[in-house]
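If you're matching them up, the sequences are chains A and B in order.
Residue numbers 1 to 151, in my numbering, belong to the letters of the first sequence in order.
Residue numbers 1 to 151, in my numbering, belong to the letters of the second sequence in order.
Honestly, the hints are just simulated from the structure, not real lab data.
Be aware that one or more of the hints could be misleading.
Said to hold, decoys possible - Here are the computed lysine-lysine pairs in the BS3-like style, where the Cα-Cα straight-line distance is at most 30 Å:
| # | chain 1 | residue 1 | chain 2 | residue 2 |
| --- | --- | --- | --- | --- |
| 1 | A | 107 | A | 13 |
| 2 | A | 107 | A | 43 |
| 3 | A | 43 | B | 72 |
| 4 | A | 106 | B | 72 |
| 5 | A | 106 | B | 43 |
| 6 | B | 106 | B | 43 |
What you are looking at is a predicted structure, and each value in this text was computed from that prediction instead of being measured.
Protein chains: 2
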Amino acid sequence: MFRGNNEINIDIKGRMAMPSRYRDILTEICGGSLVVTIDIQDKCLLIYPLHEWEVIETQIAALPSFNSTTRKLQRILIGHAREVNLDTSGRILIPPELRQYAELEKKLMLIGQRHRFELWSESSWNRGRDSWLAETGDDLKIPEEMQSISL
Amino acid sequence: MFRGNNEINIDIKGRMAMPSRYRDILTEICGGSLVVTIDIQDKCLLIYPLHEWEVIETQIAALPSFNSTTRKLQRILIGHAREVNLDTSGRILIPPELRQYAELEKKLMLIGQRHRFELWSESSWNRGRDSWLAETGDDLKIPEEMQSISL
DNA sequence: GGGATAAAGTGGGTAAAAGTGGTTTTTATA
DNA sequence: TATAAAAACCACTTTTACCCACTTTATCCC
Chain A
1 MFRGNNEINI DIKGRMAMPS RYRDILTEIC GGSLVVTIDI QDKCLLIYPL
51 HEWEVIETQI AALPSFNSTT RKLQRILIGH AREVNLDTSG RILIPPELRQ
101 YAELEKKLML IGQRHRFELW SESSWNRGRD SWLAETGDDL KIPEEMQSIS
151 L
Chain B
1 MFRGNNEINI DIKGRMAMPS RYRDILTEIC GGSLVVTIDI QDKCLLIYPL
51 HEWEVIETQI AALPSFNSTT RKLQRILIGH AREVNLDTSG RILIPPELRQ
101 YAELEKKLML IGQRHRFELW SESSWNRGRD SWLAETGDDL KIPEEMQSIS
151 L
């Protein structure tokens, strides 16, 4: 569905223009309603079409409330999820709390990841990429499930 | 139903403005009647729409009185539950006892967790989040039920 | 390749909504 | 009945959503 990395600017009001190539499908599948939340492992945001998110949220919410790990997960994912909408010029407003968390300044990277996007500050994206490339160059660490995949 | 993290201020009288985006649904489902109580595990408050709470309260109350764990649960949850109402400008008054328990000063975080909210002091929320992220980032500790969830 | 045209991206103004602080009135309590 | 607390009320400030206009980039056709 979504793929590719897009260099994007965020304006002083915290608005980010969704690249036009994604807009049509976004308005089609979710009327421009998106959900932004934070990632578990990295300081970046995840952006889902509303319906996609609701499926995930339901699964997470169904996990037991008395288990401390699942509760943490609920707090992280559901507890940071904010619904946002494309405005008339195809922008979304990233809520200040999330902007702050992911340390988003002027320059961002929006990464298409099939059914969702990842949103990074450009600098941490570049830093991350360099280190992943360095790590995966060494093929000893590739887990089982991946050994069969042929690129 | 409810999701997201909201930075909120509490005023000197202990009043907290419920973010407007939740108000309509709150007045609809419970006429603005909420129940505030304390959490079992963390120094935060739980806020339920009245009807949601009543379901939970009934369940807890039905637990055996001779079991010491369930009695603790009853004392903690039911024993601290206070009914509050949205005032004409959409604020609720957090009872002093609860405010004190959760160490709520000026800056709070209101966290949507589906059918309820959690209310934290901003500082302890941030501290908590950092530590949960550190723990869950390490994928060895993720329990079975969660391994199958694809974000 | 270059100019015309359209599309995308950007910035900012404004009206409405939300949030805030404080005063007054009501209610509950001792 | 006096007192304190909470609710209602009101005025003011800040923020947000919406709209419009301008600039830049891309596309098309010659």
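Subject >> Hint check against the structure, violated hint numbers in rising order >> reply: The structure conflicts with hints 3, 4 and 5, although it agrees with all the remaining ones.
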